[in-house]
Each structure stands twice: as structure tokens, then as C-alpha cells.
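Under this note's numbering, think of the first position of the sequence shown as 16, with each following residue one higher.
Derived from the structure by calculation, the hints contain no laboratory data.
Just to be clear, a hint being listed does not mean it is correct.
Said to hold, decoys possible - Here are the computed distance ranges between Cβ atoms for each label pair:
#1 Gly-41 x Gly-65: 36 to 46 Å
#2 Asn-43 x Asp-64: 31 to 41 Å
#3 Ile-28 x Gly-65: 15 to 25 Å
#4 Glu-44 x Gly-65: 29 to 39 Å
#5 His-42 x Thr-22: 32 to 42 Å
In this text the structure is predicted, and so the values were computed from the model without any measurement.
No residue lacks a Cβ here, since even glycine has one placed at the ideal position from N, Cα and C.
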Amino acid sequence: MNIIHLTDAELEITRHGMTAYLNSFGHNEADTVELIQAVLARLATAQSDGGSSAPVG
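All chains, please: the whole structure from these sequences, using the hints.
What follows is the structure in C-alpha cells.
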């Protein structure tokens, strides 16, 4: 298991990016689609740790 810390904006753009990525796959890539859907489900349940976020970069 890995942990990454994202700001709210970074989390939102990650969700959008993963959704766009998901939409580029067809029915022949069922394993990939399933994995992307699992990641999106976990992103949807992300909770803030209540701490301040450090700038990236």
C-alpha cells in the first residue's frame, strides 16, 4: 500500500484525469477498465487528514 498526499485541487484533477483515461478504453480491455474503476472508487472516498498541505514542486 502506498500513501500520497494531495491537495483538494490535485485530488479533483486526478479524478478528472482518471475518468478521461477510463473513457479511452473499450470492452477488450476489461482488466484495465476494472482497475481504473477501482482507483476511482478509492479516490471518491478520500478523506482530508486535516493538516496543511505542502506545495508541490
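Range agreement (Cβ of Gly-65 with Cβ of Gly-41, hint 36 to 46 Å): Given range 36 to 46 Å: holds, Cβ gap about 41 Å.
Against the range 15 to 25 Å, how does the distance between the Cβ atoms of Ile-28 and Gly-65 compare: consistent or not? Once the Cβ atoms are compared, 21 Å apart, the range 15 to 25 Å for Gly-65 and Ile-28 holds.
Holds or violated: 32 to 42 Å for the Cβ distance of His-42 and Thr-22? 35 Å, holds
Does the Cβ distance between Asn-43 and Asp-64 fall inside 31 to 41 Å? 39 Å, holds
If I claimed the Cβ atoms of Glu-44 and Gly-65 lie 29 to 39 Å apart, would that claim hold in this structure? 38 Å, holds
In this structure, none of the earlier numbered hints is contradicted; all agree with it.
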